[in-house]
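> These are the residues of each chain, in order.
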Amino acid sequence: MQPEHDSQLQALFAKSAQEFRDEAFVTAATRRIESRERRLVIARGTLWVVGLAGLALISPFLTEGVSLLSDGLDLAFSSTNRVLYTPIGAGCAIVLSVTLLLLNRKRIWLK
Amino acid sequence: MRRFASAAEHGNAAEATLITLAATGDKRAFEEIVRRRQSQVRNFMYYLCRNATERDDLAQQVFLTLWRSIGSLRSADAFDGWLKRIMVTTWQQLGRRTRLKLADESELPEVGTSAESPSQRLDLNAALALIPPQVRLCVVLAYDGGMTHEEIAAATETPLGTVKSHILRGSARLRELLADYRHG
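Protein chains in written order, with the working numbering: chain A, 22 to 132; chain B, 101 to 284.
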């Protein structure tokens, strides 16, 4: 209780409060909860169906995209390998690796 | 926790037991909580909106939120404060979202069905309608909800100084208005 609490006002609030005992409100509240849960279940189900249908629809494009990506990566790796097998390429790779190691030595060895 | 088989068992159970059961998804236990707490929630909402339809709609919304989140309640002891917080949030959210028409002095107050004289109810509700909504909320939380200033500040996310000032000004205004009613 706060020091400046008005006990007369407190008593008036206590007197004015109604005592509700009606079952109609309890039924209405539980019905509302149930209908909300039903809606949630329907929404979740719909989302699953839509998601699966969407996946089925875009799967040909996904397959095509994956093979394109794979081709691109293959090409990139084989070109890198070709460059690294030449003396200049290998030398450049060693210099680059050493430079990176030196630059990051603090982060790697000294904490 | 053992589940109750009949409604009578729920009716006789302690509230802490009901809360624990409801948190595990027992709908009957929750129904009993609604039965027991409806007066608290509906009175609170009525003091704020002074409209029986809105009151029940808001109170049902409170119980809906309660049901959705009761599983995350850590302890049954925290239930009362938690319920009050949901009541405040529900009132604030719905008020903002639907621009709920707050009762004003031009509306005729409804007369209740409790034991006290209708004029007394009319006095308090009519007087409450004459103070600004934020001040009214703080006053109702203090006198109807029995919350401390600190609790009100936390529940309404209002600075403590503002809460104190709202309650001081609101109480003074209520006393003044109620005196007017009695003498007028």
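Don't read these hints as lab results, they were simulated from the structure. Just so you know, not all the hints are guaranteed correct.
Unchecked claim - Under the rule of at most 16 Å between Cα atoms (straight-line distance), these lysine to aspartate or glutamate pairs were calculated in the EDC-like manner:
no.: 1; chain 1: B; residue 1: Lys-127; chain 2: A; residue 2: Glu-55
no.: 2; chain 1: B; residue 1: Lys-127; chain 2: B; residue 2: Glu-109
no.: 3; chain 1: A; residue 1: Lys-36; chain 2: B; residue 2: Asp-244
no.: 4; chain 1: B; residue 1: Lys-127; chain 2: B; residue 2: Glu-115
no.: 5; chain 1: B; residue 1: Lys-264; chain 2: B; residue 2: Glu-250
no.: 6; chain 1: B; residue 1: Lys-127; chain 2: A; residue 2: Glu-58
no.: 7; chain 1: B; residue 1: Lys-264; chain 2: B; residue 2: Glu-251
no.: 8; chain 1: B; residue 1: Lys-264; chain 2: A; residue 2: Asp-27
Claimed, not checked - Selected chain A positions facing chain B (in silico; Cβ < 7 Å):
no.: 9; residue: Phe-34
no.: 10; residue: Arg-52
no.: 11; residue: Ile-54
It should be emphasised that the depicted structure is a prediction, and the values quoted were computed from it without experimental measurement. Ideal Cβ positions, reconstructed from N, Cα and C, are used throughout, including at glycine.
> For every hint, state whether the structure bears it out.
Consistency of the hints with the structure:
| no. | hint | verdict |
| --- | --- | --- |
| 1 | B/Lys-127 <-> A/Glu-55 | holds (10 Å) |
| 2 | B/Lys-127 <-> B/Glu-109 | holds (13 Å) |
| 3 | A/Lys-36 <-> B/Asp-244 | holds (10 Å) |
| 4 | B/Lys-127 <-> B/Glu-115 | holds (14 Å) |
| 5 | B/Lys-264 <-> B/Glu-250 | holds (9 Å) |
| 6 | B/Lys-127 <-> A/Glu-58 | holds (12 Å) |
| 7 | B/Lys-264 <-> B/Glu-251 | holds (11 Å) |
| 8 | B/Lys-264 <-> A/Asp-27 | holds (13 Å) |
| 9 | Phe-34 | holds (4 Å) |
| 10 | Arg-52 | violated (9 Å) |
| 11 | Ile-54 | holds (5 Å) |
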